[in-house]
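Participant: Given chain A's structure and the hints, the job is docking chain B onto it.
If you read the protein sequences in the order shown, they are chains A and B.
According to this note's numbering, the first sequence holds residues 20 to 472 in order.
According to this note's numbering, the second sequence holds residues 26 to 138 in order.
A portion of the hints provided could be inaccurate.
Covered stretches of chain A (chain B as the covering partner; in silico rule of three or more C-beta atoms under 8 Å from a C-beta of chain B) [unchecked claim]: (1) 85-92; (2) 220-229; (3) 310-317; (4) 320-334.
Derived SDA-like pairs: lysine to any residue, alpha-carbon spacing no greater than 20 Å straight-line [said to hold, decoys possible]: (5) A:317 to B:105; (6) A:317 to B:114; (7) A:321 to B:130.
With beta-carbon atoms standing in for the labels, derived distance ranges [claimed, not checked]: (8) A:432 to B:27: 44 to 54 Å; (9) A:406 to B:27: 50 to 60 Å; (10) A:145 to B:123: 24 to 34 Å; (11) B:47 to A:446: 32 to 42 Å; (12) A:453 to B:27: 22 to 32 Å; (13) B:77 to A:163: 30 to 40 Å; (14) B:80 to A:149: 45 to 55 Å.
It is worth saying that the hints were derived from the structure and are not from the lab.
The C-beta atom is built at its ideal place from N, Cα and C for all residues, glycine as well.
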Amino acid sequence: MAQPRVLSLKTAVSTSAGLASAAINFLACVEVAEYAGGSSAWIALLAAGILIVFSASNFAELSGLYPSAAAIRVWTKRGLNDSWSLIISLVYALTVIFVIAADAFVLAQAFRRAIPAVPGWVWIAILLVLVLWANLRGIRVAGRIQDINAMLLLASLTIIAVVILGKGPLPPVQQFFHLGHGIVQSIALGVFIYVGFEWVTPLAEEFSDAKAIPRGMYLALGLIAIAFGLFSVALTTIFPRPAQLASTFVPQLLAGQKALGVWGFWWMLFVTATTAMTTFNGGLFTASRFIYSLAREKALPKQFSHLNSRWVPSYALSAIAVLSLILALVIFETRQYAVLINAGAGVEGLVYALSALLVIRLRKKEPTRARPFHALGVPWLTAAVGIIFFVLGMAALFTSSSAWPWPFMFIASLVLLTMGYVHFVLPRMKEAQRRKVSSSIKGNKVTPEETTK
Amino acid sequence: MTMLQVLENFARECNSNDRLRQMNREWNRTIVIRETDSGNAYWLRSQEGTIQSGEGSQFEADLEVEGSHDVIRSVFSGEMSPTEPYNAGDLLVKGRQDDLMRLDIITLLIWGE
Numbered sequence: 020m021a022q023p024r025v026l027s028l029k030t031a032v033s034t035s036a037g038l039a040s041a042a043i044n045f046l047a048c049v050e051v052a053e054y055a056g057g058s059s060a061w062i063a064l065l066a067a068g069i070l071i072v073f074s075a076s077n078f079a080e081l082s083g084l085y086p087s088a089a090a091i092r093v094w095t096k097r098g099l100n101d102s103w104s105l106i107i108s109l110v111y112a113l114t115v116i117f118v119i120a121a122d123a124f125v126l127a128q129a130f131r132r133a134i135p136a137v138p139g140w141v142w143i144a145i146l147l148v149l150v151l152w153a154n155l156r157g158i159r160v161a162g163r164i165q166d167i168n169a170m171l172l173l174a175s176l177t178i179i180a181v182v183i184l185g186k187g188p189l190p191p192v193q194q195f196f197h198l199g200h201g202i203v204q205s206i207a208l209g210v211f212i213y214v215g216f217e218w219v220t221p222l223a224e225e226f227s228d229a230k231a232i233p234r235g236m237y238l239a240l241g242l243i244a245i246a247f248g249l250f251s252v253a254l255t256t257i258f259p260r261p262a263q264l265a266s267t268f269v270p271q272l273l274a275g276q277k278a279l280g281v282w283g284f285w286w287m288l289f290v291t292a293t294t295a296m297t298t299f300n301g302g303l304f305t306a307s308r309f310i311y312s313l314a315r316e317k318a319l320p321k322q323f324s325h326l327n328s329r330w331v332p333s334y335a336l337s338a339i340a341v342l343s344l345i346l347a348l349v350i351f352e353t354r355q356y357a358v359l360i361n362a363g364a365g366v367e368g369l370v371y372a373l374s375a376l377l378v379i380r381l382r383k384k385e386p387t388r389a390r391p392f393h394a395l396g397v398p399w400l401t402a403a404v405g406i407i408f409f410v411l412g413m414a415a416l417f418t419s420s421s422a423w424p425w426p427f428m429f430i431a432s433l434v435l436l437t438m439g440y441v442h443f444v445l446p447r448m449k450e451a452q453r454r455k456v457s458s459s460i461k462g463n464k465v466t467p468e469e470t471t472k
Numbered sequence: 026m027t028m029l030q031v032l033e034n035f036a037r038e039c040n041s042n043d044r045l046r047q048m049n050r051e052w053n054r055t056i057v058i059r060e061t062d063s064g065n066a067y068w069l070r071s072q073e074g075t076i077q078s079g080e081g082s083q084f085e086a087d088l089e090v091e092g093s094h095d096v097i098r099s100v101f102s103g104e105m106s107p108t109e110p111y112n113a114g115d116l117l118v119k120g121r122q123d124d125l126m127r128l129d130i131i132t133l134l135i136w137g138e
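With the rest of the complex left out, here is chain B:
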């Protein structure tokens, strides 16, 4: 599965979860995701409760997420919570802590503990 497909799946999971749609209805943000090893960039946009995904870094980011391809893939496919690589320094973030916590809560609501 390519990274774009992983992110599309992630967006689909978010959009099919009523609780998440409700939670994110006023959380309008652009998240730019960068793979440090390949240099590839992707984006996620939350707009009125709906999440979209895409490739590239053309948008101005509210939250920037950086990590290796494997780490990013594991986080957005639910294989590990973002907190694990984040607390190990393998996932770096630039943005507001509230937004970071929201991203963690989203993964918690989709995939559980």
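Next comes chain A alone, as it looks inside the complex:
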């Protein structure tokens, strides 16, 4: 029996909020507060949220224009060209690995604090292997469980923050409006808290109401802003001086303990574990299907389109899991999680800038195509917000605690490698394949139609 394909607004909200909810957001809140100068972290999150609303409207227009699971691959191909589309899509898909590795770091730190006898990396390996095993066997964590977890996380953060703020004492009112020197970086990092809200757009084909996605994204952004804004402010009441914030890797556990004692500590540990696992699961599932689809259109080696006996793209899935595990262990050892946060925030900032460019270009290239939703302020306001996102993205990439801008170097290397692949390796691969087909036709004396069989 076919399952109903019509998804509701509620699903759009929970999916958008769910995909934006990652365990690394706890540490991102710490970074936002640190750069904002303490209690004014909420201003950075609010400013980032307002900018994100414009970006959400861009994604809503693009998603209505081409409702497709291939989302950014389709939009960039129509708005730019095939080569740029491939480069951008691959880099964007690889950011999933950053998020998984960063969440793994948070998970390991939280469990190490709760159960010190077991090394943190063991938890990373166990949970990643468990999620990989479940995915290889075709066991999918139901979207509903993922959605429930998102709401659980947001509700837990809100309740804990309200309890902490209610217990007081609160800092003087002027501190809530005091902007630190790093406010621009703070807003750029604030973008990271919302990252992933747009990953609901690949589900566009499953919604009958084209406006459910924009509405869902807006509502989700509001919920995220409230929960993480309150959590950031509550954190700054536990750690009044920004320098103190940098010393903790488990702010969510400390906040839970402060609000509800030992129960709060274990509750937040549970929420951290479920959030990290849903991030692992969602990330592996989405990225592996994307890699599979690129292999099917012959943009990646055909091995990645291999399906196991349960119709799962097992090589693509395993490759993503192995890369995630390696990066997670490197980050665990070096504690350079901030590089991933800044790199992720940078990539997303640039993708949000790109969304503005695509909306404007596609309005010119395909003016008559139906648009169920129109982006806000096209073209001037859209362009202005796009430029702001570009600046914020670059600011995030150049935000580093060391003399070297590691996030920028990391992403620049990734982009150069991808460009090298698309411009040099891929044409040779396609040429080799063309020759193989050509020699097969000559050798077997069969018609071109038969070669496809």
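Facilitator: Just chain B now, kept in the frame of chain A:
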């Protein structure tokens, strides 16, 4: 070859493939295919492992596939994988992603890479 003949061939290929029949034995779906340029509609029905085809759009669709005549013809005759026009925005689908992936796997099993 008319589009209906292309779809009949596609159904025949599916029905003569044991692995596909086994795979689709519980995949009971109706796929409605619309040509955006001509306005013509066709259907494919998967019922207990057997695929049937026909003309018109009288059934309630679990999966709707839209594209130009040339694209639809190329996809269902095996000249190109559905992924290529899909990733280019030339083939639009309305339905569950699992069903879309299944359709892609079917073409992979019939025609290979």
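Participant: Between the beta carbons of residue 80 of chain B and residue 149 of chain A, is the distance compatible with 45 to 55 Å?
Facilitator: About 49 Å separates the Cβ atoms of residue 80 of chain B and residue 149 of chain A, which means 45 to 55 Å holds.
Participant: Quick check: does the Cβ-Cβ distance between residue 77 of chain B and residue 163 of chain A fall within 30 to 40 Å?
Facilitator: holds (33 Å)
Participant: Are there three or more residues in the region 310-317 of chain A whose C-beta lies closer than 8 Å to some C-beta of chain B?
Facilitator: Our answer is that it holds, as 5 residues pass the Cβ test (under 8 Å) against chain B, meeting three.
Participant: Does 32 to 42 Å hold as the CB distance between residue 47 of chain B and residue 446 of chain A, or does it fail?
Facilitator: holds (39 Å)
Participant: Hinted pair, alpha-carbon criterion (20 Å max): residue 321 of chain A, residue 130 of chain B. Please report holds or violated.
Facilitator: holds (14 Å)
Participant: Taking 8 Å as the Cβ threshold, is the statement that the region 85-92 of chain A is covered by chain B upheld or broken by the three-residue rule?
Facilitator: It holds: at least three residues are needed, and the region 85-92 of chain A offers 6 whose Cβ sits within less than 8 Å of chain B.
Participant: Report holds or violated for chain B covering the region 320-334 of chain A, Cβ cut-off 8 Å, minimum 3 residues.
Facilitator: Answer holds; 4 residues pass the 8 Å Cβ test.
Participant: Taking the Cβ atom of residue 406 of chain A and the Cβ atom of residue 27 of chain B, is their distance within the range 50 to 60 Å?
Facilitator: holds (52 Å)
Participant: So does residue 453 of chain A sit 22 to 32 Å from residue 27 of chain B, Cβ to Cβ?
Facilitator: At roughly 30 Å between Cβ atoms, residue 27 of chain B and residue 453 of chain A fall inside 22 to 32 Å, so the hint holds.
Participant: Check the following: the C-beta atoms of residue 432 of chain A and residue 27 of chain B are separated by a distance inside 44 to 54 Å.
Facilitator: 53 Å Cβ-Cβ, so the 44 to 54 Å window holds.
Participant: Next pair to validate is residue 317 of chain A with residue 114 of chain B; report whether the Cα-Cα distance is within 20 Å.
Facilitator: holds (17 Å)
Participant: Is the hinted range of 24 to 34 Å satisfied by the C-beta distance from residue 145 of chain A to residue 123 of chain B?
Facilitator: holds (28 Å)
When held up to the earlier numbered hints, the structure conflicts with none and fits them all.
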